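Trainee: These are the residues of each chain, in order.
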Amino acid sequence: MALIKTILVPLKRVVDANVRVRVKPDGSGMALEGVKMSINPFDEIALEEALRIRERGEAEEIVVASIGGQVCTQQLRGGLAMGADRAILVETGQDLEPLTVARTLLALVQREESQLVIMGKQAIDGDNNQTGQMLAALWGRPQATFASHLRFKGSAATAMREVDAGLEVIEVDLPAVVTTDLRLNEPRYTKLPDILKAKKKPLETVTLSDLDVEPETQFRVLGIEPPAQRPRGVRVSSVEELVQALREKELI
Amino acid sequence: MARVLIVAEHDGRTLNASTAKCVSCARTFETSAIDIAVLAGDGAAVAAQAAALAGVTGVIQVDHPANESALAAVAAPQISELAGGYTHVFGPSTTFGKDLMPRVAALLGVGQLSDIMSAEGAWRFRRPFYAGNAILTVEAPQDRPVVATVRTASYQAAEPMGDAPISERAVDAELPSHTRFVEIRSDSGGGRPDLQTASRVVSGGRGVGSKENFAIIYRLADALGAAVGASRAAVDSGFVGNDMQVGQTGKIIAPQLYIAVGISGAIQHLTGIKDAGVIVAINTDAEAPLFEVADIGLVADLFTAVPELTEALGS
Ligand SMILES: Cc1cc2nc3c(=O)[nH]c(=O)nc-3n(C[C@H](O)[C@H](O)[C@H](O)COP(=O)(O)OP(=O)(O)OC[C@H]3O[C@@H](n4cnc5c(N)ncnc54)[C@H](O)[C@@H]3O)c2cc1C
Ligand SMILES: Nc1ncnc2c1ncn2[C@@H]1O[C@H](COP(=O)(O)O)[C@@H](O)[C@H]1O
Numbered sequence: 568m569a570l571i572k573t574i575l576v577p578l579k580r581v582v583d584a585n586v587r588v589r590v591k592p593d594g595s596g597m598a599l600e601g602v603k604m605s606i607n608p609f610d611e612i613a614l615e616e617a618l619r620i621r622e623r624g625e626a627e628e629i630v631v632a633s634i635g636g637q638v639c640t641q642q643l644r645g646g647l648a649m650g651a652d653r654a655i656l657v658e659t660g661q662d663l664e665p666l667t668v669a670r671t672l673l674a675l676v677q678r679e680e681s682q683l684v685i686m687g688k689q690a691i692d693g694d695n696n697q698t699g700q701m702l703a704a705l706w707g708r709p710q711a712t713f714a715s716h717l718r719f720k721g722s723a724a725t726a727m728r729e730v731d732a733g734l735e736v737i738e739v740d741l742p743a744v745v746t747t748d749l750r751l752n753e754p755r756y757t758k759l760p761d762i763l764k765a766k767k768k769p770l771e772t773v774t775l776s777d778l779d780v781e782p783e784t785q786f787r788v789l790g791i792e793p794p795a796q797r798p799r800g801v802r803v804s805s806v807e808e809l810v811q812a813l814r815e816k817e818l819i
Numbered sequence: 066m067a068r069v070l071i072v073a074e075h076d077g078r079t080l081n082a083s084t085a086k087c088v089s090c091a092r093t094f095e096t097s098a099i100d101i102a103v104l105a106g107d108g109a110a111v112a113a114q115a116a117a118l119a120g121v122t123g124v125i126q127v128d129h130p131a132n133e134s135a136l137a138a139v140a141a142p143q144i145s146e147l148a149g150g151y152t153h154v155f156g157p158s159t160t161f162g163k164d165l166m167p168r169v170a171a172l173l174g175v176g177q178l179s180d181i182m183s184a185e186g187a188w189r190f191r192r193p194f195y196a197g198n199a200i201l202t203v204e205a206p207q208d209r210p211v212v213a214t215v216r217t218a219s220y221q222a223a224e225p226m227g228d229a230p231i232s233e234r235a236v237d238a239e240l241p242s243h244t245r246f247v248e249i250r251s252d253s254g255g256g257r258p259d260l261q262t263a264s265r266v267v268s269g270g271r272g273v274g275s276k277e278n279f280a281i282i283y284r285l286a287d288a289l290g291a292a293v294g295a296s297r298a299a300v301d302s303g304f305v306g307n308d309m310q311v312g313q314t315g316k317i318i319a320p321q322l323y324i325a326v327g328i329s330g331a332i333q334h335l336t337g338i339k340d341a342g343v344i345v346a347i348n349t350d351a352e353a354p355l356f357e358v359a360d361i362g363l364v365a366d367l368f369t370a371v372p373e374l375t376e377a378l379g380s
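The listed protein sequences correspond, in order, to chains A and B. Residue numbers for the first sequence follow the working numbering, so the first one is 568 and each next one is one higher. Residue numbers for the second sequence follow the working numbering, so the first one is 66 and each next one is one higher.
Heads up, none of these hints are tricks.
Partial pick of chain B residues on the chain A-facing surface, computed with a CB cut under 8 Å:
#1 LEU172
#2 THR202
#3 GLU248
#4 LYS339
Computed spacing ranges between beta-carbons, pair by pair:
#5 B:ARG271 - A:GLU807: 25 to 31 Å
#6 A:PRO798 - B:LEU378: 21 to 27 Å
#7 A:ARG814 - B:GLU185: 36 to 42 Å
#8 B:ASP208 - A:SER776: 22 to 28 Å
#9 B:GLU204 - A:SER776: 24 to 30 Å
#10 A:ARG814 - B:ASP350: 23 to 29 Å
Keep in mind the hints are simulated off the structure, nothing from the lab. Computed from a prediction, not measured in an experiment: that's the story for all the values here. Just so you know, even glycine gets a beta-carbon here, dropped at the ideal spot from N, CA and C.
Based on the provided sequences and hints, a complete structural model is requested.
Mentor: If you want it as structure tokens, here you go:
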């Protein structure tokens with residue numbers, strides 16, 4: 568028996584990191600029509616880590632889950648192609664706040680009897696960086712956030728965390744929530760045969776009410792604007808001119 | 066009226082400047098209290114520094130052996146207990162605050178706001194999202210506490226000129242033992258100024274080419290008395306440690322002078338330097354996006370330009 572039965576890896580569908588998104592001219596939201604969508608990069612790292620844990624024989628099964636519209640099945644299929652065993656879509660047309668996402672993930676953790684959740688530290692659309700911490704709190708379990716290294720010993724995990732002061736090492740008892748930082752690993756590429764195989768893997772759809780989750784919206788959005796632009800700068804053609812320009816601004 | 070509790074960030078001896086920036090945020094709207102909670106093994110020194118910040122009305126010192134190192138799982142139940150009687154609970158949007166505050170919010174059964182960049186009154190806030198490509202204005206309900214992190218680059222630190230009372234509190238919350246601190250490793254240092262508070266920063270990117278070549282960046286930084294930062298590509302390539310990364314997923318900084326050397330200017334990097342006073346870019350590629358935001362741009366090879374600049378500053 569492996570140490571961990573089921574690892575849950577949430578995958579959020581987000582605008583691809585290489586797309587430069589802009590606010591719609593009327594300020595009603597972001598211009599997202601026809602824009603490339605991907606698995607949140609941190610979640611892809613989370614899935615890669617889960618796959619490596621399973622490949623080391625420390626886990627039996629990996630379940631990927633996404634909360635959103637039917638379109639999220641694209642990202643779930645992507646996760647299955649990478650190597651997850653099965654997928655769950657929690658279908659909703661609403662844009663949920665992190666606390667509701669965390670409540671939904673807790674319901675999935677309990678339903679799947681998962682001992683480990685590995686997830687992104689932050690979704691690159693909302694930039695909230697909250698959901699993992701909230702899930703850990705609601706679950707009453709440890710959190711190892713911003714992880715750049717993860718190993719298991721007995722029923723505990725040792726995580727290296729990227730913090731402002733450097734690298735922090737903590738030890739957490741399982742079950743636990745881990746959130747990923749960019750340097751945890753480099754996700755593998757999926758091969759064509761894996762994409763075909765993924766089509767046969769199970770993908771289940773449930774609703775929030777199946778999970779007894781009541782969505783709650785706390786913050787009212789009053790407006791969205793583009794950020795302030797910096798005034799156009801000058802070009803200098805030599806180090807001498809650069810020094811001169813810095814002197815004029817009294818910076819040196 | 067709003068009553069704000071701020072969670073102090075510190076290393077056991079010194080209060081982090083991020084705390085004074087949270088105080089400054091709270092001072093931009095009407096409040097009847099701005100209190101600071103200091104959780105520590107022995108918080109006397111830190112509490113004294115917190116009590117000195119202008120605008121602070123009180124400091125709550127919670128000494129406990131479990132607070133020797135800052136663990137979110139241990140701190141969150143204590144903060145949520147202290148939160149009673151406050152309308153707002155703030156922490157900095159540093160890795161400390163980002164780790165802790167969502168856990169506090171969830172224990173209180175409320176949502177959390179990340180990265181407040183300005184407040185329009187006590188219940189209306191602006192924050193960046195989409196890597197700073199958009200600014201959101203949101204309103205928080207008044208019937209429950211506003212738990213939030215404050216974007217430190219958006220505020221100046223409150224001055225140490227006050228003298229607030231310090232009270233000691235014991236917390237009844239049950240503290241978990243499922244999370245244990247092992248150690249902290251720091252690989253930057255070198256006696257240079259702290260990246261997050263420095264008034265001058267010199268950063269190197271992939272263009273610097275190697276760990277050895279980064280010496281060029283250190284020499285320029287030393288000539289300027291600047292802190293050293295880096296792009297993610299430079300960190301990934303092993304030129305420098307992760308604590309030097311500037312950007313969306315690294316540190317958000319606001320120095321008076323930022324010099325970017327051999328950095329292309331990806332949106333994820335730019336979001337970390339938007340609030341810098343003057344941005345200087347040195348890059349061989351005249352089309353590099355960094356030039357779009359730079360106040361002073363120099364198209365040049367860094368291997369000749371940077372030593373030349375260092376020398377010019379020395380004389
Ligand atoms: C989810 C996510 C989060 C991210 N978060 C961050 C973040 O927080 N911070 C961050 O920085 N990046 C982040 N990135 C990465 C970012 O997208 C870029 O890949 C990265 O910033 C590029 O670093 P760079 O400019 O050093 O490298 P490059 O883009 O490779 O640019 C190197 C530059 O050096 C110049 N150059 C080369 N040789 C010389 C020379 N001799 N003299 C002068 N110039 C020279 C080149 O012209 C080029 O412009 C993130 C990416 C993702 C997907
Ligand atoms: N709608 C969602 N579906 C699946 N996972 C999500 C969703 N929203 C957030 N997450 C997970 O929570 C992490 C942190 O998100 P956030 O707190 O919103 O920055 C993401 O990296 C995902 O792993």
